[in-house]
Every structure is written in structure tokens, then in C-alpha cells.
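Participant: Protein sequences, first through last, are from chains X and D. Going by this note's numbering, the first sequence opens with residue 1, and the numbers climb by one from there. Going by this note's numbering, the second sequence opens with residue 1001, and the numbers climb by one from there.
Hints listed in this document are in silico derivations from the structure and should not be mistaken for laboratory results. Backbone N, C-alpha and C define an ideal beta-carbon position, used for all residues, glycine too. Treat the hints loosely; a few may be bogus.
[As the list claims (entries may be wrong)] Okay, the calculated beta carbon distance ranges per label pair:
| id | chain 1 | residue 1 | chain 2 | residue 2 | range |
| --- | --- | --- | --- | --- | --- |
| 1 | D | Ala1577 | X | Gly135 | 28 to 34 Å |
| 2 | X | Arg181 | D | Gly1084 | 55 to 61 Å |
| 3 | D | Ser1355 | X | Gly50 | 36 to 42 Å |
| 4 | X | Glu20 | D | Asp1404 | 27 to 33 Å |
[To be verified] Covered stretches of chain X, going by a simulated chain D footprint (3 or more residues, C-beta under 8 Å):
| id | region |
| --- | --- |
| 5 | 80 to 86 |
| 6 | 94 to 101 |
| 7 | 126 to 135 |
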Amino acid sequence: MSQAEVFVLQDDVPRSAMRELAASLGWPRTGQTDRGHLVMASERWSPAEGITATWVENHTSDVRSVHVEGDGEAFEAAVTPLRAALGHDDAATLIAAVDTATEPSALIRLAGKLATCRPLECNEDHLQALRVLLGHPEVAVRRAAVRTAYNYPWSELAPVIETQLADDAALATQLKHLLQRLQAP
Amino acid sequence: MWNAVYTPLRDLEQANSAPAWLAALIRCLRMDDPFFEATISAVRGFDLGDDAEMLDALANRQSELSADEHLLRSVLYTRASQDGPALEDLDRAAALGHPTALSQVHYLRARLLSRVGRTAASGEALDAAERASQSDRRVSEAELAHARALSEWEAGRPDDALVLVTHGLSLDDASADRWRGKGALCIELARHDDAVVALDHALALQSDDDEAMVLHAIADAANGNPDEAARWIERALHLSPHRREALAGEPRLASVRQHPSVSRQLEPSPPPDTTWMDSLTSWTAALRYAMGRPEHRTRHAVQWFDEAEARRIHAQMVTDHERGPLGTMHSAATLEYARELLEPRVIIGHAAGTSNREGAKERCIIAMDPGPHGELWVALSELYPSFLWIPAGRDAASLCAVLDVYFPRPTRRRADLTSQARGFIGYRERIVVPSPRTGCLEPAGEVEIDRHFTLNPFVESAGWGSAFADDPWPDDIPSQPRVVLKIERRREKLAEQAPGSVWSMSRRLRHSRGYLAIERHHGDIFTAMVRYSPSPHPGPVAAMNARFGTEYPQDLPVDALGALLGFQFDHATDLEAKLDATDDPEIAAGLLLVISALRHSDLDAQQLYRTWSTHDAASVRATICTIATEYNYESLLETMSAAEPDAQLRAEIEAVLDEGLPMPDLLPSEVVRVPSQEEGDA
């Protein structure tokens, strides 16, 4: 079964760090894509047969991340140096930061980072963090939460959005659209 | 089984033991069949050298092929000399009743059947083609008559063939190819006066037909007219010098070969006297000797010039750099620098060089500094200014090491191009490029910039738009009928842009095979991006930077530099230094727009915008909003909406966020949807 791991990188990790690491490990570069309006800039390497490591720059949320896919020992062999060399925040750290951050700008960034590392199946701590963001008094933070919520394929999110819709006239249109998307078959 | 028919014919011919009738048949099998070739070409479409891939795709198709696909596959098999499978596909296409080109299907069947000796079946297929052409009009009566003539000839009845060829020409006399065919047939029948008349017709219709010229010379020789034969040989060799050896051995010219006017044309040129080089320095004789050794000669077939040719090329290069070769854009300073370096250098030889996509060959020139401290220089083509020549040491090993980098032409895809250089080249209509009509500089937008690079000798002329991540052109476009028109049509298609991408036109760098992309941002800002493999020859770029105060990366290939000549090339780092130094909000706003264009695909730039998004001047903050909107930096806009002190600007930001950030404007003709793996990744 294929494995996947996402590293949400800290803001001070430049793409050059990934390039240097890949070069030092002898990973062949297999692709590169420029940013488009709806296309994220990315760069891909193949650490081993069947393993891909992709640097992704989400320009909409201002989040950089590395996605590793593959399986077996080669997967671990690819993930281990990345984990050691590139500064990153795990999901628990990001979820905790939602409770401590006060600046809207920081919370807006956190919304994007949480969406980047959301698990496939619903996680209650993660959902609670999203609930906090969706109910934040600053509309800009709520906007970011709605925008990034499109990245969650969780049916458990729909009742949260329904609740929020009852209280948030400013973003009613956006919330309705999101709810339709979540409830679509 | 069909190939089995040909194999003994080839063997017999090579053994030179075929009886006369079989020899004639073999000649007929190779006789020009212009309409057949034209039909094959038309069905094939634009040949991009990918027959094998197309054939593979059609052969592995799970679903039933349509009549059109059977026709296409038959053509691909024919081009691969697999006449048996080709006939099977044509039979299938005929059985399915090709809706628009049934006469072509039967015509191709007829020709292939005739080629494999099934004359009766071929005649029936031509009858079927004639019936089908009543409705689809794909094969004219004249071409059908010509095809019947070819069948008669292939069946060993040349007199009957001549009657039919003549009949075809009476129906339509505007085909140079069929007149040439008649000329060839008349020569076969020893009717040389008639051959001359037919070939005169052919050459009147197509004056550059070197094959008709050769046939004319053969007919003239048979008529005892060696001076006329020599005249046509000279014209044919002028167009196709490579034919000299074959013509020297052509048996039908034997009667005139010793005539002075003919022998003068067919004599091989004497080898150039290259001993003059040995007096230039102490090491040139050793260089000549070493480059003649097998280990070097097999890598790069360097040929040395005689002194007169060397001086002629040098003089031509000096002249070319009075104003700059066509398609280049020099300043007075770069022309002066080019001449200053060129004048003392001595041209000594050339390597094979490469061809561009369209097949035009360009020699790679080898030069040297005279005197005891001089060295070799490699000009990747004669159009490179001397300051972009690459130093190549003094011996065969160092010369080959330079040539190895560029010849044979390296194959590179986007993933291989690990380095990038981006620069701001100017604003719309403030950029200038040379007018092809007057040679004077004129203001430029997308169209004029694109036209400039179509003529520029440092890039391939055919480009592609942002809808294509990688070069969609083959390295070599095979020679084929109507190739210019086909390239132009494909060029229009490939110029299209992907929605949401920055408008761009990319081209291959001519020798290093990197990509040069011109991008348009914010409506009127143009940037250039070079994707490249680092050059191992930093010397020319370093010297140019030192001379002109430019800051091109030293590992930039020289063809990239040649392509960028005449444009400014401001780096983001230089502009950011100016941004830090200015107190003027308007200047800052202008610089931010240009920097955003240069760094649009660089996430690290968002920190810069966050810093400037709190600037005191509303015009600067509005500029950051413009950047964020244009490039879909939505979280930046959200952050600004929370902090923006100006109520009106804040309302505008929120309105944009409510509506959703619009895609950048593109003209409808610029848009094409090409799904890519990258989009899936994103």
C-alpha cells in the first residue's frame, strides 16, 4: 500500500534548501512547474524507483510543503533526510498554534497550513481548530477558513458549516457555496 | 510476404545480374510517382518524425479503427516500407467505405498492388478509384491516367505507358512532376528529342527541379550535345552539390563524360591547401595532425580552410558586424566590441555544426589568435559576435572538449534545465526591436518581439505558448511537401496560452538547447526567462560583464546571451536594492510591479509584499493589492483586508475577495486547455 507524508515547512525554508538537499542525495529532478492562477509552482524529484518527492508552493495560502509518496524502505529512506534537514511544523503544533495566535495575519496563514496537512479521515482536534477559525471575530480570518475548508473532504465538516452559516451574515454566500460542495454526492 | 517480393529484386540489382526486362522493371519500381508521394504526404499530415510512435499507438488500439485510421495506418506502413500490412489496411478502409476519400484509398491500393506486380488487381483498383472520384473528386482524371501509365511501364509496356502519360498531360498540363515523368519515360524509349521537350515543360513549371535538370543533361548527351548537357549538370550541381559523385558515375552520361565542358563540371574539387596555417604559430601543425587522427576525426570532422577561403569568411564576418547579422540586435558598442576582437583573429576551419529545426545547416567556425600567446576560439555559427566565441585552448583535446558540449546537438527536456535566469526587458512600446522592412528600431509589443525572435539566429524560430510546459516541437522537422505552410499552421496552434498562466512565448536556444521565454505581466511588463543547463565556459560571459557592466550569470550559455542582445535584463535583486533606496511611493510602486513579474513563481517574494503592504502611501498598498489580485495571492489580500486603514481601499479588497480573484485576462485566441500532470499535483 502506498504511503504519503506531507511536510508543512516553516517560512524560512527556501526552495534552494530542497534543491541542495536533493542534489546532495543524488535525487534526479523529474519535473518543474511554474505558478499559474490555479496551478501551484512545484518541483519534483525521484529519490528512488516508485518514490516521488514534490516541493509545492501554494501561492494562494502562502504555504510551502514537501509531499513524499511511495512505499517500502525506499519511502522511509526518502523521508528521513527531509525530516532532519527541512524545518517543518507537524499537525499537532499547527493545531496548538490556533489557540495561541492572536494576530489575524498569523491565523490566516495557519488556516492554509492546516489545510495542507489535513488527514484524509476526519480528526477531531483538527476539526476543532477549523471550527475556531471559522468562528473567529475577524472576518478576514473567517474568509481564510472558508477558503481553505474546500480542501477538506470530510462529511463531518458540513454540520460545522451549517452552524456557522446561521451566525455569519457577512460570509453567507461563501458558506452556502461551501456547504453545497460538501453535500454534493 | 510482400517484403519477400522486393528482397530478391534488390539482391538481383545489387548483383548486377538482372536480365534487361527485370532491370527495367526495377527502374520503373523506383520511378517518380509524384501524386502517390503527394497523397501519402497529405494523408500523413504534418510529419514531425513520429511515425513509429503513431504506428505503435494505432497498432495497439483496443477499439476498432475507423476507415480514416486504417488509411492513416496504411500510409505509416507504406512509409515504413511494409507494403503488405499497408495493403491490408487499405483493403479494410475500402471495405468500410471511407466517407470522404475513397478514391484516394483505391488509388493508393492500385499503386501498391502495381509495385508488388499484381497488375490486374491494380487496374481494377484504378477503375474503383475512377468511380469513387466521380463523387469525392480526390483523384483527378489526369492523375488516374498517369497512374495507369505507371502500371503499364511497371508491366514492361513502356510504349503503352507513353500514350497514357501523354493523355494525362493533355487533360492537365500544369504538373511539372508528370512532365518530368514523361521525360524519363522518353529517355527509356530512346526518344530523346521528345524527352527534351517534356523536360523543358517540366523546368518551365518548376525551375529548381534538379532531377529534371539531370534528365535533361542525359537527353542532351544522347542527342550529342555535350555543351548543353554540361549546362544542365552545372545548374543541377549548383542546387544539389552532393549529386556530383553520382553523376560522375552515371552510365547515361558516359558518351560526354570526357568532353571538356562536362568533365570540368564533374571533376571533384581539389582538397584545400591548409599548410598556410603552419606558419601562424608553433602549434598549428600539431593541431592539424592531431585532429586528423581517428580518435578526434570520428568525434568532430573538422575541416581546415585554404587561406583565401579563410580570409573571405573573416571579411564577411567583419562586414556582417558593421550592422549586425539579420535577426540580431546590436548596439554600436557591441558591434565595435565584436569587430575589435574579430579583426586580429584568424579563421582557420570549421566543424560540422548543426541544423536548425527546419534543416538549415550552420557551420561552427574555428579561429585562433595569431602569435605565440594565442589560443583557439569556437564560434558556434558564423553569426555569433566574436565576444561570444568560446576559448578552446591550443590542442585537439581542448578543441574537442568544447565541441563535445554542443555537437552533436544535446537533447534536453525541461526537467534537465536546472538553472534559471530572469530579467526585466522593458515595458510595451518602450522596448524596441529592428523592423524587418527598414532595419530601423521600432517600438514593440508581443507581436513585434515574437517576430524578432522568429528571425533571431540564437533561437529556433518556432515557439510555443504557456499551454505547453515542454517544447512541443521535434528537434528536426523532416523534409516534406508544403512544410512552410504546415509549420506556420502548427506555430499558430502552439502559440496558444493556458488559462490562468502568465502569457508567454518560449523558444529553444539554438545550440545549448535551453529555453528562452518572453512573458507578459500586468498588461505591459515584459520579462525574459532562460532555463538552461549551466555552461562549462564562463569566460565569454565574464568578459562581457566586465566590458559592459552587465551582470549576466557567468554560467549562462552564449546563445542565451546572443538572443538577449539589445534588451535590458534587470534582475530582481538589483530592483529590490533600488526599492530599498527610494523614498518616492510612485517609484516604489513601479518597482514592486516589475519585481512581482520577475518573482511571480517565487513564494519567498510574498514576505516582501507583506512588508510593503503596510506602507504609509495608499498608492503603494494599492499596488500590493494589484499584485495579489493578479497572481492570486488570496491570503495576502485577506491579511490586508484585516489591517488596511483606508476604508475605501479596504472595501475594494473585500469586494474582490467576495467576488473571487479573477483569472488574468487573455485573448480568446490565446487560450487552450491542456491538462497536465502538474495541475493534478497542485
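Participant: Evaluate each hint against the coordinates.
Facilitator: Quick rundown of the hints versus the structure:
Under the hint 28 to 34 Å, the C-beta atoms of Ala1577(D) and Gly135(X), about 44 Å apart, miss the expected range. The beta-carbon spacing between Arg181(X) and Gly1084(D), approximately 57 Å, falls within the hinted interval of 55 to 61 Å. For the pair Ser1355(D) and Gly50(X), the supplied restraint of 36 to 42 Å holds, since their beta-carbon distance comes to about 39 Å. Between Glu20(X) and Asp1404(D) the CB atoms are about 28 Å apart, so this pair conforms to the stated range of 27 to 33 Å.
For the region 80 to 86 of chain X, the proposed coverage by chain D is not satisfied: 0 residues have a C-beta within less than 8 Å of a C-beta in that chain, short of the threshold of three. Counting residues of the region 94 to 101 of chain X whose C-beta lies closer than 8 Å to any C-beta of chain D gives 0; at least three are required, and the coverage claim is violated. With 0 residues having a Cβ less than 8 Å from any Cβ of chain D, the region 126 to 135 of chain X misses the three-residue criterion, and the hint is violated.
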